[in-house]
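Engineer: Keeping their order, the protein sequence lines are chains E and P. For the first sequence, position 131 matches number 208 in the numbering used here, and the numbering has no gaps at all. For the second sequence, position 333 matches number 410 in the numbering used here, and the numbering has no gaps at all.
Simulated from the structure, these hints should not be mistaken for lab results. Do not rely on the hints blindly, as some may be mistaken.
Note that the list lumps identical chains together, so a pair holds whenever it fits in one copy or between two copies.
Stated by the list, open to error - Within a straight-line C-alpha distance of at most 20 Å, the following computed EDC-like cross-link-like pairs (lysine to aspartate or glutamate) qualify:
1) Lys91 / Glu116
2) Lys91 / Glu197
3) Lys194 / Asp184
4) Lys389 / Glu360
5) Lys97 / Glu222
6) Lys289 / Glu182
7) Lys430 / Glu185
8) Lys282 / Glu182
9) Lys155 / Glu190
10) Lys387 / Glu221
11) Lys338 / Asp367
12) Lys169 / Glu270
13) Lys401 / Asp184
14) Lys102 / Glu222
15) Lys102 / Glu221
16) Lys194 / Asp392
17) Lys97 / Asp184
18) Lys387 / Glu158
19) Lys89 / Glu79
If you want the building blocks of each chain, they are given just below.
Protein chains: 2
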Amino acid sequence: MELSVTLTKQPKQKPADESKLGFGKIFTDHMFVMDYDPEHGWHNAQIVPYGPLEILPACTSLHYSQSVFEGLKAYRTKTGEIRLFRPTENFKRLNNSNRRLCIPEIDEAFALEALKKLLEIDREWVPKSPGTSLYVRPFVFATEEFLGVHPSSHYKFIIILSPSGAYYASGLNPVGIYVERHYVRAVRGGTGEVKAGANYAISLKAQDEAEKEGYSQVLWLDGVEQKYIEEVGAMNVFFVIGDEIVTPALRGSILPGITRKSAIELLQHWGYQVVERPLAVDELTEAYRDGRLREAFGTGTAAVISPIGKLKIDDLVMELGGGKIGEISQKLYDNLTGIQWGELADPFGWSVKVCDV
Amino acid sequence: MELSVTLTKQPKQKPADESKLGFGKIFTDHMFVMDYDPEHGWHNAQIVPYGPLEILPACTSLHYSQSVFEGLKAYRTKTGEIRLFRPTENFKRLNNSNRRLCIPEIDEAFALEALKKLLEIDREWVPKSPGTSLYVRPFVFATEEFLGVHPSSHYKFIIILSPSGAYYASGLNPVGIYVERHYVRAVRGGTGEVKAGANYAISLKAQDEAEKEGYSQVLWLDGVEQKYIEEVGAMNVFFVIGDEIVTPALRGSILPGITRKSAIELLQHWGYQVVERPLAVDELTEAYRDGRLREAFGTGTAAVISPIGKLKIDDLVMELGGGKIGEISQKLYDNLTGIQWGELADPFGWSVKVCDV
Chain E
78 MELSVTLTKQ
88 PKQKPADESK
98 LGFGKIFTDH
108 MFVMDYDPEH
118 GWHNAQIVPY
128 GPLEILPACT
138 SLHYSQSVFE
148 GLKAYRTKTG
158 EIRLFRPTEN
168 FKRLNNSNRR
178 LCIPEIDEAF
188 ALEALKKLLE
198 IDREWVPKSP
208 GTSLYVRPFV
218 FATEEFLGVH
228 PSSHYKFIII
238 LSPSGAYYAS
248 GLNPVGIYVE
258 RHYVRAVRGG
268 TGEVKAGANY
278 AISLKAQDEA
288 EKEGYSQVLW
298 LDGVEQKYIE
308 EVGAMNVFFV
318 IGDEIVTPAL
328 RGSILPGITR
338 KSAIELLQHW
348 GYQVVERPLA
358 VDELTEAYRD
368 GRLREAFGTG
378 TAAVISPIGK
388 LKIDDLVMEL
398 GGGKIGEISQ
408 KLYDNLTGIQ
418 WGELADPFGW
428 SVKVCDV
Chain P
78 MELSVTLTKQ
88 PKQKPADESK
98 LGFGKIFTDH
108 MFVMDYDPEH
118 GWHNAQIVPY
128 GPLEILPACT
138 SLHYSQSVFE
148 GLKAYRTKTG
158 EIRLFRPTEN
168 FKRLNNSNRR
178 LCIPEIDEAF
188 ALEALKKLLE
198 IDREWVPKSP
208 GTSLYVRPFV
218 FATEEFLGVH
228 PSSHYKFIII
238 LSPSGAYYAS
248 GLNPVGIYVE
258 RHYVRAVRGG
268 TGEVKAGANY
278 AISLKAQDEA
288 EKEGYSQVLW
298 LDGVEQKYIE
308 EVGAMNVFFV
318 IGDEIVTPAL
328 RGSILPGITR
338 KSAIELLQHW
348 GYQVVERPLA
358 VDELTEAYRD
368 GRLREAFGTG
378 TAAVISPIGK
388 LKIDDLVMEL
398 GGGKIGEISQ
408 KLYDNLTGIQ
418 WGELADPFGW
428 SVKVCDV
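With the hints as extra help, turn the sequences into a complete structure.
Structural biologist: Next comes the structure, spelled out in structure tokens:
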């Protein structure tokens with residue numbers, strides 16, 4: 078497919094102070110856009126200046142939320158390269174999400190090429206400071222002007238880029254979470270295992286209440302028995318129990334995180350015993366009381382590794398690691414970010430070069 | 078609050094052939110729009126020409142589906158009035174949805190006044206032919222330009238209008254449905270009991286597969302045990318079993334339909350025994366085999382009453398009513414539509430006059 082490029086005539090000022098980037102608020106000069114209609118399939122691939130879209134009020138995604146997305150990061154190495162981390166995994170997962178939401182699949186290889194071209198054009202937007210990166214957001218949404226509850230006939234696939242600050246301004250920082258007993262994020266048979274916008278809308282209320290209680294995220298339980306741990310906020314979760322590292326098995330309502338997968342592969346590579354299995358919340362309480370719950374951490378694109386320092390289960394508030402980062406959390410964080418920023422050897426070929434800058 | 082009005086300078090051609098209106102594809106000349114920001118709250122209420130919105134690609138509702146909606150209808154009576162059916166119920170439910178999705182509440186009375194004004198302006202768009210109506214779609218969506226998973230700081234509340242054809246071109250028509258065993262629409266603790274766009278995204282795949290199998294909708298089961306009947310497609314559902322009319326009790330994952338509520342109230346007014354209770358799919362099979370399953374029908378704004386003529390549960394295909402409309406379905410349809418179109422007495426005060434035309 079051809080990819081047309083229209084460069085902006087009004088380049089924006091790049092953020093001067095990289096310590097104030099924050100997350101997801103600043104956007105680069107350009108974006109990738111592609112359209113779908115039944116006659117042409119995916120077509121009209123273009124890189125254009127970042128700017129507003131014209132959307133009709135009856136646009137079906139504003140009503141029925143037929144939309145999916147991905148999130149990954151581009152990193153600037155010390156040697157002046159722009160690199161991506163396992164991007165083919167993201168486009169593969171995007172198509173899983175597309176299929177579940179009745180959205181036509183995209184050409185994964187072409188999407189990656191388009192992203193690389195976009196990154197090359199906006200390469201100066203990838204921040205330099207330690208811990209910073211360029212967040213990449215591919216997303217697809219329905220655009221048909223029709224109020225019937227039915228898969229849309231028209232779609233847009235867009236990639237936007239956002240320079241993002243170091244997630245932990247002063248190093249890795251333990252977070253507090255609690256077990257959510259009332260709200261449910263997803264249930265098997267639903268869309269919890271794909272990256273549908275719908276899952277995030279459903280999660281907002283619990284997240285909002287957690288923040289008001291001084292916790293950073295909630296620990297979701299399964300929707301069937303409300304007994305088994307699923308994921309934490311918008312991340313996957315791992316627990317070090319005795320000599321085992323346990324993460325909930327993917328049983329149809331948990332997002333298969335790419336950082337989750339990478340963490341499992343790294344841990345196994347190092348010889349740790351990683352087990353994917355159902356993990357009941359009662360088992361956690363028991364392990365904590367027996368002194369076998371040694372560490373807990375979340376994995377996700379934004380924070381990479383998020384150590385859990387406080388875990389509240391009903392009336393029991395567990396303090397984990399005594400305010401310090403656990404050994405395994407730290408080792409995973411150092412190695413994953415080391416590979417991502419091109420500072421450590423990459424035995425798995427996860428890091429993909431885009432261009433020099 | 079003030080409501081500014083800007084009339085279109087290019088009124089569109091109204092549909093000439095009301096037999097070809099269909100549903101949700103044609104929009105009137107005007108729409109109501111109101112904005113929310115933290116500083117002004119809901120403000121900037123205006124009626125403007127229907128047309129495209131400028132939306133930024135990072136607009137949070139395109140990513141995290143923070144959106145809710147309502148659906149109701151305006152009817153043109155034979156005496157030349159425009160009337161609405163129980164509109165205060167819709168705005169009340171819209172605020173229930175807003176609260177669940179962390180969206181700031183709207184002023185229900187003002188929203189209804191704004192809708193009446195909009196209808197007055199576009200009154201000539203309410204079609205005349207029997208069974209036709211003007212579909213009213215209020216909706217709210219997040220507009221902040223921010224990729225964090227967090228309630229948006231900015232929103233738009235919009236009402237658009239769409240002239241709609243008779244749902245049953247040739248009278249009331251029985252539909253075929255089947256029990257959905259794999260996909261799940263919603264679970265208690267989720268958003269199934271409010272009108273979030275997310276619920277509809279989640280339902281698309283099952284709906285799509287049903288249509289491909291020659292069925293018009295699916296019968297959803299509960300997300301916990303996958304054993305109890307919840308609703309049918311995008312409608313509530315009733316079963317006449319022996320002398321009882323049974324509809325699933327609202328237990329946190331079923332949308333509390335306004336047509337459902339009206340049907341219950343009418344049936345009770347007539348002296349029928351209506352029971353809201355959990356209804357297991359096995360009980361339906363048994364009732365069918367015993368000859369006690371006399372009728373089944375869906376209730377919703379679009380079709381009002383939708384008689385179910387064929388119900389498939391796994392390998393058992395039940396034929397109900399021998400291709401004819403059941404007595405209770407017909408009576409409910411005649412009376413509800415009679416009240417809606419102002420042709421029957423309205424003992425409950427459900428029908429609300431908007432203006433003359």
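Engineer: All hints, please: hold or fail.
Structural biologist: These are the hints, each one checked on the structure:
no.	hint	result
1	Lys91 / Glu116	neither (40 Å within a copy, 28 Å between copies)
2	Lys91 / Glu197	within (16 Å within a copy, 50 Å between copies)
3	Lys194 / Asp184	within (15 Å within a copy, 48 Å between copies)
4	Lys389 / Glu360	within (14 Å within a copy, 41 Å between copies)
5	Lys97 / Glu222	between (39 Å within a copy, 17 Å between copies)
6	Lys289 / Glu182	between (39 Å within a copy, 19 Å between copies)
7	Lys430 / Glu185	within (17 Å within a copy, 55 Å between copies)
8	Lys282 / Glu182	between (31 Å within a copy, 14 Å between copies)
9	Lys155 / Glu190	neither (24 Å within a copy, 61 Å between copies)
10	Lys387 / Glu221	neither (46 Å within a copy, 31 Å between copies)
11	Lys338 / Asp367	neither (29 Å within a copy, 53 Å between copies)
12	Lys169 / Glu270	within (13 Å within a copy, 33 Å between copies)
13	Lys401 / Asp184	neither (44 Å within a copy, 49 Å between copies)
14	Lys102 / Glu222	between (29 Å within a copy, 7 Å between copies)
15	Lys102 / Glu221	between (28 Å within a copy, 10 Å between copies)
16	Lys194 / Asp392	neither (52 Å within a copy, 53 Å between copies)
17	Lys97 / Asp184	neither (36 Å within a copy, 38 Å between copies)
18	Lys387 / Glu158	neither (38 Å within a copy, 63 Å between copies)
19	Lys89 / Glu79	neither (27 Å within a copy, 37 Å between copies)
Violated hints for the displayed structure, listed by number in ascending order: 1, 9, 10, 11, 13, 16, 17, 18, 19.
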